[in-house]
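Colleague: Input sequences plus hints: build the corresponding full structure.
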Amino acid sequence: MNLRLHVHRAFTGGWCADIDDDNDRQPDDPYWCVDQWPTLDDAITAGCAQLAEFASAQHLYRVSEQYVLQAA
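Here my numbering is used: the first residue of the sequence shown is 1, the next is one more, and so on.
Restraint-style ranges between C-beta atoms, simulated for each label pair:
#1 T39 / L3: 19 to 25 Å
#2 Q58 / Q36: 28 to 34 Å
#3 Y61 / D35: 18 to 24 Å
#4 Q58 / D29: 18 to 24 Å
#5 T12 / A55: 26 to 32 Å
#6 A55 / F11: 26 to 32 Å
#7 N2 / V63: 17 to 23 Å
#8 S64 / Q36: 18 to 24 Å
#9 P38 / Q66: 21 to 27 Å
#10 A52 / N23: 19 to 25 Å
#11 S56 / G14: 27 to 33 Å
If you're looking for bench data, these hints aren't it; they were derived computationally from the structure.
All residues carry an ideal CB built from backbone N, CA and C; glycine is no exception.
Modeller: See below:
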């Protein structure tokens, strides 16, 4: 699976970062997402750290799947 980090300006200020794969390039249901990073460098650093953590994961859950698993 090829993951990619997408960083963009948040509408409310700061920066948003999310991680998606090649099958779903829209940021509507990423594997990881955090907004409101104060600087671009902060968003990139956090996203790269999360990508490194995902490298050793057996199975990745999308954000919506994580909420379902926590509620069960």
